[in-house]
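Participant: For the protein sequence lines, the chains are A and B, in the order given.
Mind the numbering: the first sequence is residues 1 to 114 in this note's numbering, read in order.
Mind the numbering: the second sequence is residues 1 to 113 in this note's numbering, read in order.
Think of the hints as simulated: they come from the structure by calculation, not from any bench.
Being a predicted model, the structure only gives us computed values, none of them experimental.
Keep in mind that the hints are not guaranteed to be accurate.
[As the list claims (entries may be wrong)] Cβ pair distances, simulated, as ranges:
hint, chain 1, residue 1, chain 2, residue 2, range
1, B, N23, A, E95, 45 to 53 angstroms
2, B, A13, A, S80, 48 to 56 angstroms
3, A, F69, B, A13, 31 to 39 angstroms
4, A, S86, B, I39, 44 to 52 angstroms
5, B, K52, A, S80, 19 to 27 angstroms
6, B, D67, A, S80, 42 to 50 angstroms
7, A, G16, B, R81, 36 to 44 angstroms
8, A, T7, B, S9, 18 to 26 angstroms
9, B, A13, A, R22, 36 to 44 angstroms
10, A, G16, B, I63, 48 to 56 angstroms
Built from N, CA and C at the ideal position, the CB exists for glycine as well.
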Amino acid sequence: DSGVTQTPKHLITATGQRVTLRCSPRSGDLSVYWYQQSLDQGLQFLIQYYNGEERAKGNILERFSAQQFPDLHSELNLSSLELGDSALYFCASSETARSGNTIYFGEGSWLTVV
Amino acid sequence: DAKTTQPTSMDCAEGRAANLPCNHSTISGNEYVYWYRQIHSQGPQYIIHGLKNNETNEMASLIITEDRKSSTLILPHATLRDTAVYYCIVRAYYGGSQGNLIFGKGTKLSVKP
Numbered sequence: 001d002s003g004v005t006q007t008p009k010h011l012i013t014a015t016g017q018r019v020t021l022r023c024s025p026r027s028g029d030l031s032v033y034w035y036q037q038s039l040d041q042g043l044q045f046l047i048q049y050y051n052g053e054e055r056a057k058g059n060i061l062e063r064f065s066a067q068q069f070p071d072l073h074s075e076l077n078l079s080s081l082e083l084g085d086s087a088l089y090f091c092a093s094s095e096t097a098r099s100g101n102t103i104y105f106g107e108g109s110w111l112t113v114v
Numbered sequence: 001d002a003k004t005t006q007p008t009s010m011d012c013a014e015g016r017a018a019n020l021p022c023n024h025s026t027i028s029g030n031e032y033v034y035w036y037r038q039i040h041s042q043g044p045q046y047i048i049h050g051l052k053n054n055e056t057n058e059m060a061s062l063i064i065t066e067d068r069k070s071s072t073l074i075l076p077h078a079t080l081r082d083t084a085v086y087y088c089i090v091r092a093y094y095g096g097s098q099g100n101l102i103f104g105k106g107t108k109l110s111v112k113p
């Protein structure tokens, strides 16, 4: 158990809909990361937050957005969903944003768009 | 893009040491080498990381060459539960986008009885 908690574990929704994925980082961790893993793309970095502020942005679509709240939990919002958005979404956290701090991953949220 | 090169797949006999190589010939002086593994579709699991010196923990050993252009992850006594995809990742020392983990395709390790 990494200590990173993600909900829901599984989600099935229709095209055009909007969903929110939630992440609770490990206790004391200030930095949160979101990754997407699909069959054809592998693990892709989406976005990073540190202590409530966006720190880095990767291959995140404009239809997707994220935020980190004062209690440090984070949410990834996916809108206007397409079939290709079906994937496993991972949240990860680390104590700080420094590269010497290990990043720990949650077990992921399976999103299926039908 | 990932800065590492790993074999696509490897086999190892149960109980033997598994040695997973990684080439990172363009590594900079301030970049760490990290190893993660992913068992089936579970979340990536941290194994070990190092900067210059060899490292050992309860899971594995990391051997980094003196020129830092390559490294080897060693699982001393592989078990069937070690079957997974192993990712070698070069991560910049400072934060920001370079401090994130950029995953490549990794090595699929199959431990066989």
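Participant: Please test the hint of 42 to 50 angstroms on the beta carbon pair from B/D67 and A/S80.
Facilitator: holds, 49 angstroms
Participant: Tell me if the beta carbons of B/K52 and A/S80 are separated by a distance inside 19 to 27 angstroms.
Facilitator: violated, 47 angstroms
Participant: Would you say the C-beta atoms of A/T7 and B/S9 sit inside 18 to 26 angstroms of each other?
Facilitator: The hint (18 to 26 angstroms, Cβ to Cβ) is violated, given that A/T7 and B/S9 are roughly 34 angstroms apart.
Participant: Please check whether A/S86 and B/I39 have a Cβ separation lying inside 44 to 52 angstroms.
Facilitator: violated, 21 angstroms
Participant: How does the Cβ-Cβ distance of A/G16 and B/I63 compare with 48 to 56 angstroms: does it lie in that range?
Facilitator: holds, 51 angstroms
Participant: Assuming the hint says 48 to 56 angstroms, is it satisfied by the Cβ distance from B/A13 to A/S80 or not?
Facilitator: holds, 50 angstroms
Participant: Look at the Cβ atoms of B/A13 and A/R22 and judge whether their distance stays inside 36 to 44 angstroms.
Facilitator: Taking Cβ atoms as reference, B/A13 and A/R22 lie about 42 angstroms apart, which means the hint holds.
Participant: Cβ-Cβ distance between A/F69 and B/A13: within 31 to 39 angstroms?
Facilitator: violated, 49 angstroms
Participant: Just tell me: holds or violated, for the beta carbon distance of A/G16 and B/R81 against 36 to 44 angstroms?
Facilitator: holds, 41 angstroms
Participant: 45 to 53 angstroms was suggested as the range; check whether the CB atoms of B/N23 and A/E95 agree with it.
Facilitator: violated, 30 angstroms
Consistency with the previously given hints fails for numbers 1, 3, 4, 5, 8, ordered from lowest to highest.
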